[in-house]
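Peer 1: Spelled out, the chains give:
Number of protein chains: 2
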Amino acid sequence: MDDLVTPVSKAIAQLKGLLGDRLVTSASVREHHSHDTSRLAPHLPDAVVFPRTEEEVQAIVSACAAHGVPVVPFGAGSSMEGHTIPIRGGISLDTREMNRIVEIRPEDLLAVVQPGVTRKQLNVDLRETGLMFSVDPGADASIGGMASTRGSGTTSVRYGTMRENVLALRVVTPDGEAIQTGSRARKSSSGYDLTHLFVGSEGTLGVITELTVRLHPIPEAISSAICSFPTVANAVEAVIEAVQYGIPVARVEFLDEVAIASTNNYSKLGLPVAPTLFFEFHGTEAWVKEQAQLVEEITKGHDAISFRWTADADERAKLWQARHDLYWATKAIIPGFELYTGDICVPISRLAESIVAARADIDASSLKGQIIGHVGDGNFHTAYLIDPNNPEHLKEADEMADRVVERALAVGGTASGEHGIGIAKLKFMRKEHGKAVDVMKRIKAALDPLGIMNPGKMGDAG
Amino acid sequence: MDDLVTPVSKAIAQLKGLLGDRLVTSASVREHHSHDTSRLAPHLPDAVVFPRTEEEVQAIVSACAAHGVPVVPFGAGSSMEGHTIPIRGGISLDTREMNRIVEIRPEDLLAVVQPGVTRKQLNVDLRETGLMFSVDPGADASIGGMASTRGSGTTSVRYGTMRENVLALRVVTPDGEAIQTGSRARKSSSGYDLTHLFVGSEGTLGVITELTVRLHPIPEAISSAICSFPTVANAVEAVIEAVQYGIPVARVEFLDEVAIASTNNYSKLGLPVAPTLFFEFHGTEAWVKEQAQLVEEITKGHDAISFRWTADADERAKLWQARHDLYWATKAIIPGFELYTGDICVPISRLAESIVAARADIDASSLKGQIIGHVGDGNFHTAYLIDPNNPEHLKEADEMADRVVERALAVGGTASGEHGIGIAKLKFMRKEHGKAVDVMKRIKAALDPLGIMNPGKMGDAG
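Here the protein sequences come in this chain order: G and D. Using this note's numbering, read the first sequence as starting at 1 and increasing by one per residue. Using this note's numbering, read the second sequence as starting at 1 and increasing by one per residue.
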């Protein structure tokens with residue numbers, strides 16, 4: 001801290017009285033809150049606060065409003081596009097001490113949690129109920145953070161994203177008021193849908209202080225299947241047909257040849273090196289078996305090279321562990337290199353061509369890379385291996401990632417399927433949303449006239 | 001039209017040049033647009049317009065903005081709480097000539113439609129595709145109107161409400177701009193979720209000019225079941241257990257004893273006069289059979305009096321026809337009387353007590369009435385039979401309906417499950433949403449600073 005009396009030093013002094021040692025200005029804690037998992041330049045907050053209650057969040061936001069100081073909510077720090085980087089300094093509001101599971105209501109298939117609760121923490125607490133919180137973005141993210149980025153993952157094709165799984169919120173708005181959005185009813189035709197306005201707003205409209213989330217029954221039986229195809233188009237067409245047939249696949253993950261080769265190498269799966277789908281089916285014993293049989297039939301009609309299904313829990317665990325280890329498997333291709341990750345979503349009819357074009361880009365570049373996808377949703381990720389110390393690599397990766405997005409937008413898709421806008425994708429907001437960006441900005445200005453909530457991000461884009 | 005030059009006469013003169021005989025000021029057409037299906041007092045619009053294109057909607061809204069004249073969107077006129085009544089006069093914007101199905105994309109499980117397309121019209125066009133538009137509010141409503149009221153119905157327990165089934169919109173905002181919200185991708189983490197802000201906003205934030213809606217595969221097999229219980233609680237607990245078990249019931253409708261008696265009388269069903277569930281199961285032949293068996297087991301555990309299931313299409317059609325004819329069956333109880341309909345939604349754990357209390361209210365009143373419900377969602381409707389010429393009846397019905405809502409709000413429910421706020425439920429907005437109403441009003445003021453879009457309704461509530 002310097003001796004100069006600035007707005008931020010006034011806000012910090014005011015909050016120190018309230019929070020004591022839960023307001024931290026040490027270099028190490030500020031550094032931890034200066035970045036997320038992205039490659040983007042870090043920026044230090046002036047202080048980090050660790051509130052425990054909604055009232056404390058109200059006091060923090062009110063103090064920052066009074067002094068015009070930025071507030072940047074921070075969950076588990078697992079965001080991937082720079083969401084939590086406090087690019088204009090101010091206060092990083094870390095929700096880790098708001099980690100209480102407030103209520104579990106099995107009959108209503110819902111849980112009420114504070115924003116710092118992580119998805120794994122909630123699922124541990126649910127163990128006795130036979131229910132699960134379904135959204136799984138890979139990282140053990142905070143549920144508040146997952147709501148803020150409208151996160152999803154492998155199970156969203158069946159159980160939905162955070163959009164479908166957040167029923168109600170408590171939010172501290174930029175003027176320090178606490179509001180409730182939504183209710184515990186499963187549906188409602190009452191009032192503007194503020195819940196969905198806050199879900200995905202990346203901390204630019206307020207601070208989420210409580211979430212009511214949907215739970216789903218843990219299925220009686222689960223089975224998996226692995227299926228390889230001669231081409232990407234065959235694989236995608238098989239998925240389209242399975243979905244059109246009404247088979248409620250619980251997961252269907254695409255891995256391209258390079259991803260299969262690296263996972264073979266890392267996880268010793270011994271799979272044919274070809275475009276591959278990992279399926280998971282949920283249901284009763286009989287229904288799971290029937291789903292696998294129906295999908296096998298469908299894949300045969302699309303020239304599948306092989307179809308292997310299993311209801312064995314160990315074999316299934318091995319398969320999904322390999323899928324989850326893909327990050328490490330890919331990094332292992334060139335030791336010391338980093339993964340540069342892309343994320344777009346297209347209408348599923350345009351998925352095959354989008355993947356093929358992204359693959360061709362990689363093959364024509366000097367970089368190695370792979371493509372994986374939550375293919376039932378039309379969502380896929382590119383991962384380029386780059387030497388973090390080589391600016392040419394970064395430039396080449398940037399250009400390729402931009403082309404993937406441009407092509408997605410050209411076919412009616414979106415610049416982000418699940419990672420969000422953060423900082424890295426601000427440049428696509430106007431292109432994707434056109435004049436709707438002006439409506440977004442008017443909403444931002446109406447709710448946050450001082451511009452204190454996560455400034456320079458989604459609310460100010462385009 | 002009078003000779004006085006008023007803002008509205010100027011707007012009408014301006015629009016007459018654009019629309020010719022698609023701007024109508026005849027008494028009969030104005031009368032038709034002065035009411036909906038509710039008991040609420042009608043109010044005449046000054047004129048009714050029938051645009052065919054988004055550009056025409058833009059011109060209409062721009063002219064109304066220029067002269068400060070209200071614009072009230074009108075679909076099929078089947079709303080139930082006064083949504084479309086132009087209580088401050090102005091222009092009723094009827095979307096019936098915007099009834100083109102723009103595009104059907106079977107591979108992407110979506111259709112693009114103009115707002116005046118009705119749900120039945122879309123389903124006729126889908127016949128060759130094996131797909132269906134699932135939302136069924138009973139009436140053959142316009143899809144634009146269903147989106148505006150966040151409508152739902154019997155199938156929402158499985159396939160979702162309009163909230164889950166609208167993927168993207170085109171909207172003319174109150175300043176006459178046309179924007180696109182959402183995309184054709186099934187999921188997105190890009191930008192504020194404007195789609196969900198407009199869905200359910202009851203024409204107070206803009207005019208919907210195009211909708212991208214989700215489609216679902218028509219199931220290979222469908223079966224139905226009817227099950228009677230000694231008490232409401234038994235019936236509701238059976239539903240809760242079935243849902244917790246993970247059985248994806250496609251419909252589950254509750255009818256109380258009075259509803260069963262009237263449907264027996266009207267549709268000759270011969271059912272036991274007891275709290276009853278109508279189930280429908282969708283899936284493959286084997287899976288549908290298994291679902292029915294599992295549900296039968298579950299209902300036995302909750303003291304079911306009888307369980308009758310059928311995969312026979314004619315018997316099923318008869319059953320659901322009877323459910324759809326309930327309106328007429330109930331009206332037939334006392335010829336000349338009208339139905340006064342209520343609509344709330346509660347967490348399902350509070351459903352049994354809510355229904356029992358609503359039933360006790362009716363039994364203690366001078367009126368006859370019944371209760372039916374989309375019970376898998378916790379949504380139920382009260383219907384009181386009133387003599388429309390007896391103000392005492394209306395007063396008694398008003399008081400009972402209010403108590404149903406008050407009790408729903410007290411247990412974490414909502415003032416409307418699917419009929420919306422309109423005029424009739426404005427008085428509950430502040431009670432349900434608290435300070436969130438101020439956020440809604442700030443959004444309304446930011447998007448519609450002149451207050452021309454359906455004024456005096458949801459955007460100005462509380």
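Some hints here could point you the wrong way.
[Stated by the list, open to error] Heads up, simulated DMTMM-like pairs for lysine to aspartate or glutamate below, C-alpha to C-alpha not over 20 Å straight-line:
| hint | chain 1 | residue 1 | chain 2 | residue 2 |
| --- | --- | --- | --- | --- |
| 1 | D | Lys331 | D | Asp303 |
| 2 | G | Lys331 | G | Asp314 |
| 3 | D | Lys289 | G | Glu285 |
| 4 | D | Lys431 | G | Asp438 |
| 5 | D | Lys435 | G | Glu285 |
| 6 | D | Lys331 | D | Glu220 |
| 7 | D | Lys441 | G | Asp438 |
| 8 | G | Lys289 | D | Asp363 |
| 9 | G | Lys435 | D | Glu220 |
In case anyone wonders, no lab produced these hints; they're calculated from the structure.
Peer 1: Each hint: holds or not?
Peer 2: A quick look at each hint next to the structure:
For the hint linking Lys331 (chain D) to Asp303 (chain D), the alpha-carbon distance of about 31 Å lies beyond 20 Å, and the restraint is violated. Between the alpha carbons of Lys331 (chain G) and Asp314 (chain G) the distance comes to roughly 25 Å, so the proposed pair goes past 20 Å and is violated. Our distance criterion of 20 Å between C-alpha atoms is met by Lys289 (chain D) and Glu285 (chain G), whose separation comes to about 14 Å. For a cut-off of 20 Å, the pair hint linking Lys431 (chain D) to Asp438 (chain G) is broken: about 32 Å separates their Cα positions.
In summary, the hint linking Lys435 (chain D) to Glu285 (chain G) is not supported, as the alpha carbons are separated by about 48 Å, beyond the 20 Å threshold. A C-alpha spacing of about 36 Å is found between Lys331 (chain D) and Glu220 (chain D), which places the hinted pair above 20 Å, so the restraint is violated. With a CA separation close to 18 Å, the supplied pair Lys441 (chain D) and Asp438 (chain G) stays within the 20 Å bound. Only pairs whose Cα atoms come within 20 Å are accepted, and Lys289 (chain G) paired with Asp363 (chain D) is rejected, the gap being roughly 50 Å.
In summary, the hint linking Lys435 (chain G) to Glu220 (chain D) is not supported, as the alpha carbons are separated by about 43 Å, beyond the 20 Å threshold.
Violated hints for the displayed structure, listed by number in ascending order: 1, 2, 4, 5, 6, 8, 9.
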